[in-house]
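*Asks:* Residue strings, one per chain:
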Amino acid sequence: MRRQKSIFENIDWLLVSIYLVLVVMGWLNIYAAVYNVEHNSIFDLTQSYGKQMIWIGSSLLIALGIMIIDGKFYAAFSYPIYAFMMLLLLVVLVVARDIKGAVAWIDIGSFKLQPSEFAKFATNMALAKYLSTLNIRMEDLKTKIIAGLIVLLPAAIILKQNDTGSALVFAAFIFVLYREGLSQNVLIFGFFAAFLFVIALMVKSYILLIAIGSLGLIVYLLMRKTRKNLLVILSITLLACGVVKSVDFAYNKILQAHQRERIDVLLGKKSDPKGAGYNVNQSLIAIGSGGLLGKGYLQGTQTKYDFVPEQSTDFIFCTVGEEWGFVGTTVVLLLFLGLLYRIIFIAERQRSQYTRIYAYGVASILFFHLMINVGMAIGLAPVIGIPLPFFSYGGSSLWSFTILLFVLVKLDSYRMYILR
Amino acid sequence: MNNASTGQRFVVLSIFTAVIIIFLLRLFYIQVLEESYTVSANNNVLRYVIDYPARGMIYDRKGKILAYNQAVYDLMIIPRQVSEMDTMEFCQLLGITKESFIDKLAKAKQFSTYKASIFEKQIPAETYATLQEKLYKFNGFYAQPRTLRKYPDNTAAHLLGYIGEVNDDLIKKYPYYRSGDYIGISGIEQSYETDLRGKRGVRVVMVDVFNREKGRFRNGQYDTLAITGTNLVSSLDAELQKYGEKLMQNKIGSVVAIEPSTGEILAMISSPSYDPNLMVGRVRSRNYAELLKDPVKPLFNRPMMAYYPPGSTFKLTSTLAALQEGIINEQTSFAHSFRVGSKSVKCHPHPPVELRGAIQYSCNPYFCNTFRTFVDNRKYGKSQHGYEKWRSYMESFGIGIKLGVDMPHELKGLLPSVAFYDKIYGSGRWKASTIYSLGIGQGELGITPLQMANIICIIANKGYYYTPHVIKKIGNKPNDSRNLQEKHMVNISQRNFEIVHDGMQKVVEAGTARVARFDTTIICGKTGTAQNPHGKDHSLFVAFAPRDNPKIAIAVMVENAGFGGTWAAPIASLMMEKYLRDSISRPALEERMLKGVLLPGEDYVKVPVIKVQKELKELKGEKVVDTNKKNETAKKHL
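Keeping their order, the protein sequence lines are chains R and Z. Add 305 to a position in the first sequence, counting from 1, and you land on the number used in this note's numbering. With the first letter of the second sequence counted as 1, position 297 gets the number 279 in this note's numbering; the numbers rise by one all the way through.
Worth double-checking, as some hints may not be accurate.
[Unchecked claim] With the Cβ distance kept under 7 Å, some of the chain R side facing chain Z (calculated, not the full set):
(1) PHE480
(2) ARG484
(3) SER594
(4) GLY595
(5) LEU597
(6) THR606
(7) GLN607
(8) ASP611
(9) PHE612
(10) PHE631
(11) LEU645
(12) MET676
(13) ILE683
[As the list claims (entries may be wrong)] Distance ranges between label pairs, derived from CB positions:
(14) R:ILE512 x Z:SER(-4): 32 to 40 Å
(15) Z:LEU87 x R:LEU454: 56 to 64 Å
(16) Z:GLY45 x R:GLN604: 52 to 60 Å
Quick caveat, the hints were computed from the structure, so don't treat them as lab data. Using N, Cα and C, we set each Cβ at its ideal position, and we do this for glycine too.
Bound conformation, chain R alone (with noise of 0.2 Å):
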């Protein structure tokens, strides 16, 4: 094997690009939402975009550093840095203070880190060593258990501080273990067991409990009259029920109030424009008075005026739609579709297993992001604050998805020298 003749051979440039397109455009945006007359600079230290500016930079200086690190290093290091991250969690619970309900914060100096973000490039990096493994099948009952447990520690311990919507992003990796040989019932089943859920939550559930037993006992007499199907049909029921009892108790018992309330509005089971309600109408507000074109940057008068809250974070997109209308949330969103669709490319042209899985990994992880952040912002999603990805304003969030991008980058532009 020879070496790499320089850091930047092979790399893909149109993934970079497509990085920097949108990281430019966050940090216009985030100038959008909290502009502030008396510090007009977009270079102002004191004000959100400033820092961003500094996030901007040092992300390039981390993605600069992934790029001279050995390609070798992130399959050998997967698991101590899965390790180091779990135990940073783990630390979290401990000394971080409260903010905003949830204790995900640790204080660096004057910057707050965020290990939860950075919990996901890490997971993902184990998941894709352990999956790569040699003699490991994804049919073994012993490898969905151990793939299983690779998610679900952080995700664990990341509820436990509170943070429900980045515990949730690790939902995601459902997609990495479908591609790599997982059953596709389980995708239905998870499909079915969401399309469930929502039901359950609007519709009383002993009424929907009797509407599943007559539904099953009118497909079993319409079928032929079988051991076998009575079983599976039977089963089938029996676990429909289960899924309906267990979001019955989960919504109730689980969920807190402010939670509830989130789900509520979103379901239009209470209409609260005041109160739970608020950001949603709002943010639909803002996006949808920006219309076809838009009122031209810097004109956002609902996102400039403080009307949707988080603006600069979780409602970046608000300041999209009302600046830059319909065309400019087209955009954004056929952007993020190309970077996906780049990185499942790039996922499927490898030879090496383990950079295959960790494409799929990043591929997975921005989806979810995005289809929370956005369906969050158009009133498709619960209320769920989770960053949009290179968009939103925050240097945790920034990084770890810069350093989740490059890892990527620096993989793939190693493809030529790894045979497997």
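Starting from the known structure of chain R, fit chain Z onto it as the hints suggest.
*Replies:* Below, chain Z without anything else, positioned relative to chain R:
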């Protein structure tokens, strides 16, 4: 493996694509198709800030200010911005107690911690001056200028009227107004409201989520400028008005003085009156309630709303009609008595008289006879027709109709129709002898002091009048609203007026109103004593002067004061002297008038025409009697 993975890649990419497509469809719907979000966004961020223009000022005919705007300040509070402060000093500056400070702060907080609300209303400029210097110490407080209506002379309350905040009914009726706006509620403030109020300006500003102003919307493209209200010049003579009010203090009644050649009202006094400044600002509702309870009814605008039987003053119009119709002439004399069945009208002893003397001595039998000769005259056929003819003359003098004065709440008085008497006595079953008391101004007659003054204008002008009005100029232009420039003619020859003038001159020189003489001015006048079945008679006097070039026509009515010559005539005379000579040559008389107290005791009774008025109302809708004006209105009703 490879084939299977192609399928899985396809599924994963399909899910990615599907979610993005769903998002794009949703965005297309909320951004392009649905309009309501734009509206909501504007509601969020746009505020329409109203700039209130200063209300127009009112001047008297000599340029004296009657109404102006005083700057006051509302102290506003934004509780969120209030920081630690010296509460004691603050309370001292405002002149409030600590308890009320705590109370007000709590109220403001309850309203909103972000939005500004009024902490202390209408702080006078003097208090504000000291407060302003210290205001920087108190974060979260700022002053907002407002104006308050002021009437510097404390005079002419009924004429000027007052302003108040609009209520829901008014907003419904006049869409111009919005809650919190001020509107003229009575007097000039009401009738010239559209001139005085000016035009509201609107600034469209953008606010942030805490309702803080952030700048103009589109650089003020949609703003409109406030236009200051128009100043008015009143025809009032403030000096004369004040003097009249002083003369009428402690008496109940009215004085109306008009410049005959123009119809301009020089003074219009309703007594008892009140200080117009009582009806301003924070104290208005309390004062209003108290004035309303007062048994002498200071809020009642007597010159335009109270009507009285005109008594002997009515003999003038009755005479003019008879002269014009040729019923009598200047030499006519009648027997010194008037007899109807067992009743007879008697007179006080005086030498036998022809017309001029009858006016001079106010001979009741003479005018009863004149009235009977008129109404029962054969040339009209039936008495009804005679009465109708007579009535049409009376109406042309402005009796029983609204004159159309430029102020609200004018009443038309009472002049019975043929239908009215038909209803009471039966059709054709009444004649002059049934209703003879009309001839001497008693009976079912009701005339307002304003109408009386206007009649004197007609007599002074020898046959015409301009509608009485209080506003001469709107801005710099003469007031040509409401047909005020139109000359109303009365169909009676100048010669006949001369005869009546002769009689009226004698009234003052050698008749019932000798008290009214001053220097060499030739005054024409007529006393009256309106019978009041509920108490002492009302004292009445009408006059104009000088005879050859009338400058002032005046009607004075003093309730329950007895004979016209004792109270009404001196007051009228003093006012004429004041207006024409600007000084008083008879201090003793003035002293007596100023000191006179003619207020009712506990047994005070209202003006005795209410019952007749009620009967008239029942007759409404019946045919209206002739005269040109009435015919017109009748046609309109049809």
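*Asks:* All hints are to be evaluated individually against the structure, with a verdict given for each.
*Replies:* Against the structure, the hints come out as follows:
Here the hint on PHE480 (chain R) is kept, as its CB sits about 6 Å from the closest CB of chain Z, short of 7 Å. The interface hint given for ARG484 (chain R) holds, since its Cβ lies 5 Å from the closest Cβ of chain Z, which is under the 7 Å cut-off. Below 7 Å, beta-carbon pairs count as interface contacts, and SER594 (chain R) has one with chain Z at about 3 Å; its hint therefore holds. Taken as an interface hint, GLY595 (chain R) checks out: its beta carbon lies about 5 Å from the nearest beta carbon of chain Z, inside 7 Å.
At about 5 Å, the closest approach between the beta carbon of LEU597 (chain R) and any beta carbon in chain Z falls short of 7 Å, and the interface hint on this residue holds. Against a cut-off of 7 Å between C-beta atoms, the interface hint on THR606 (chain R) holds, since the closest Cβ of chain Z lies about 4 Å away. Annotation: interface hint on GLN607 (chain R) holds; nearest CB of chain Z at approximately 5 Å, less than 7 Å. Contact between ASP611 (chain R) and chain Z, as hinted, is supported at the beta carbon level, the nearest pair being about 4 Å apart and thus within 7 Å.
Satisfaction of the interface hint for PHE612 (chain R) is found here, the shortest Cβ-Cβ separation to chain Z being roughly 5 Å, below the 7 Å cut-off. Using the Cβ-Cβ criterion of 7 Å, the hint placing PHE631 (chain R) at the interface with chain Z is satisfied: the shortest such distance is roughly 4 Å. With its C-beta approaching chain Z no nearer than about 5 Å, LEU645 (chain R) sits inside the 7 Å limit, and its interface hint holds. Checking MET676 (chain R) against chain Z by beta carbon gives a least distance of about 5 Å; that is within 7 Å, so the hint holds.
A distance limit of 7 Å between C-beta atoms decides the matter here; for ILE683 (chain R) the minimum to chain Z is near 5 Å, and the interface restraint holds. Distance hint check for ILE512 (chain R) and SER(-4) (chain Z): the Cβ-Cβ separation is about 33 Å, which falls inside the suggested range of 32 to 40 Å. Taking the beta carbon of each, LEU87 (chain Z) and LEU454 (chain R) are about 59 Å apart, inside 56 to 64 Å as hinted. Between GLY45 (chain Z) and GLN604 (chain R) the C-beta distance comes to about 53 Å, which sits within the given range of 52 to 60 Å.
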